[in-house]
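Those protein sequences? They're chains A and B, same order as listed. The first sequence begins at 0 in numbering that gives the first Met the number 0 and counts up one residue at a time. The second sequence begins at 0 in numbering that gives the first Met the number 0 and counts up one residue at a time.
Quick caveat, the hints were computed from the structure, so don't treat them as lab data. Source: prediction; values computed, not measured. Some hints here could point you the wrong way.
No farther apart than 30 angstroms at their CA atoms in a straight line, the calculated lysine-lysine pairs in the DSS-like style are these [what the hints assert, rightly or not]:
{"hint": "1", "chain 1": "A", "residue 1": "LYS20", "chain 2": "B", "residue 2": "LYS171"}
{"hint": "2", "chain 1": "B", "residue 1": "LYS104", "chain 2": "B", "residue 2": "LYS199"}
{"hint": "3", "chain 1": "B", "residue 1": "LYS47", "chain 2": "A", "residue 2": "LYS20"}
{"hint": "4", "chain 1": "B", "residue 1": "LYS199", "chain 2": "B", "residue 2": "LYS226"}
{"hint": "5", "chain 1": "B", "residue 1": "LYS218", "chain 2": "B", "residue 2": "LYS171"}
{"hint": "6", "chain 1": "B", "residue 1": "LYS218", "chain 2": "B", "residue 2": "LYS157"}
Each chain is listed here by its residues.
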Amino acid sequence: MSGCGAPEQTATLPANIDAGKETVLHGKVLAGETPVGGAYVRLLDSSGEFTAEVVTSADGDFRFFAAPGDWTVRALHRSGNGETTVSADGPGLHQVAVTVG
Amino acid sequence: MSRENVLVSAQWAEENLETPGVVLVEVDEDTSAYDNGHIPGAVKIDWKTELQDPVRRDFVDRAGFEKLLSAKGIGNDDTVVLYGGNNNWFAAYAYWYFKLYGHDKVQLLDGGRKKWELDGRPLSADAVSREETTYTAREQDTAIRAFRDEVVQAIDAKNLVDVRSPDEFSGKLLAPAHLPQEQAQRAGHIPTAINVPWSKAANEDGTFRSDEELRELYKEAGIDESKATIAYCRIGERSSHTWFALHELLGHSDVKNYDGSWTEYGSLVGVPVEVGAH
Numbered sequence: 000m001s002g003c004g005a006p007e008q009t010a011t012l013p014a015n016i017d018a019g020k021e022t023v024l025h026g027k028v029l030a031g032e033t034p035v036g037g038a039y040v041r042l043l044d045s046s047g048e049f050t051a052e053v054v055t056s057a058d059g060d061f062r063f064f065a066a067p068g069d070w071t072v073r074a075l076h077r078s079g080n081g082e083t084t085v086s087a088d089g090p091g092l093h094q095v096a097v098t099v100g
Numbered sequence: 000m001s002r003e004n005v006l007v008s009a010q011w012a013e014e015n016l017e018t019p020g021v022v023l024v025e026v027d028e029d030t031s032a033y034d035n036g037h038i039p040g041a042v043k044i045d046w047k048t049e050l051q052d053p054v055r056r057d058f059v060d061r062a063g064f065e066k067l068l069s070a071k072g073i074g075n076d077d078t079v080v081l082y083g084g085n086n087n088w089f090a091a092y093a094y095w096y097f098k099l100y101g102h103d104k105v106q107l108l109d110g111g112r113k114k115w116e117l118d119g120r121p122l123s124a125d126a127v128s129r130e131e132t133t134y135t136a137r138e139q140d141t142a143i144r145a146f147r148d149e150v151v152q153a154i155d156a157k158n159l160v161d162v163r164s165p166d167e168f169s170g171k172l173l174a175p176a177h178l179p180q181e182q183a184q185r186a187g188h189i190p191t192a193i194n195v196p197w198s199k200a201a202n203e204d205g206t207f208r209s210d211e212e213l214r215e216l217y218k219e220a221g222i223d224e225s226k227a228t229i230a231y232c233r234i235g236e237r238s239s240h241t242w243f244a245l246h247e248l249l250g251h252s253d254v255k256n257y258d259g260s261w262t263e264y265g266s267l268v269g270v271p272v273e274v275g276a277h
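Produce the entire structure from the sequences given, and follow the hints as far as they go.
And the structure:
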């Protein structure tokens with residue numbers, strides 16, 4: 000059984016994932032133009048409630064399997080925090096970038 | 000029970016890395032985090048391959064737990080300080096597990112790996128080996144573990160606390176949003192359960208909220224302290240986090256963790272399921 004642990008964060012979707020069904024929020028955490036690995040990225044729903052958290056890959060990538068709606072993506076890192084909002088109008092891949100510092 | 004007995008700060012842990020009788024243990028599902036860098040001197044326990052039975056859906060048994068802890072070099076008299084990723088979900092799960100098998104001196108590192116990293120404290124990739132011990136576990140203390148039949152009995156009788164996110168509770172999502180959503184079981188929650196997401200018990204940096212904030216949180220949510228409580232989530236690790244808050248931090252006397260949680264309940268034939276928010 001798969002647990003709730005964070006799967007590896009990659010820029011491409013695993014082969015078993017159907018992007019036609021899943022609402023995927025994918026993006027990078029950046030400091031200026033430099034990707035930030037090891038940042039803690041939190042997905043908050045439209046009421047600000049915590050939904051999920053992942054740690055970015057060495058290339059700064061993160062990914063959430065969400066649902067259509069408005070989301071806030073907030074990143075924490077020892078160099079600083081940052082956040083941005085994203086509206087997912089339906090299933091598919093939604094790109095998002097968060098800047099910290 | 001008080002906070003000082005069950006939680007240690009990152010500062011305390013850093014000052015006690017070399018203290019004899021204190022063993023730091025990182026518990027993760029994804030052990031690559033440990034392999035790439037862990038708190039110096041900490042040993043690792045793999046949530047899935049070391050704490051779960053490899054065939055049946057259950058924990059390793061008492062003999063298996065004894066063998067595991069002996070091999071990790073953990074003695075019965077050691078103070079075990081647990082920490083991990085995911086805001087200590089799996090560390091809290093392991094904490095509950097240590098209590099289940101009767102280990103007295105066990106504590107959680109407040110904030111886990113996240114707080115440690117955000118503080119910029121040292122990590123090491125060096126291999127850690129400890130001398131093997133002869134660990135003796137007790138029989139499982141089922142006063143803190145709930146099984147499916149008593150969960151069904153608890154509908155409308157005990158406090159049922161669903162600690163998943165609001166969207167999982169309502170049935171909109173079947174798993175936390177960092178995981179794929181295609182699952183076998185039905186979506187929704189156990190009737191009469193209240194939804195208090197585990198995350199409300201934690202600060203952004205992963206540390207637990209104060210006792211006062213926690214008391215207010217669960218009171219507002221409608222937990223009746225005169226009744227017993229069963230906490231559940233999807234697979235039982237987030238609910239360990241809430242079990243810790245209710246039983247270990249607030250001292251509620253009768254709190255059980257239902258480790259079967261939604262992946263079991265949502266697959267049962269014939270049990271009632273409720274959908275939608277309250």
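Structure-based check of all given hints:
1. A:LYS20 - B:LYS171: holds (14 angstroms)
2. B:LYS104 - B:LYS199: Answer holds: B:LYS104 to B:LYS199 is near 27 angstroms, not above 30 angstroms.
3. B:LYS47 - A:LYS20: holds (28 angstroms)
4. B:LYS199 - B:LYS226: holds (22 angstroms)
5. B:LYS218 - B:LYS171: Distance of about 26 angstroms is within 30 angstroms: holds.
6. B:LYS218 - B:LYS157: holds (15 angstroms)
Violated hints: none; the structure is consistent with every hint.
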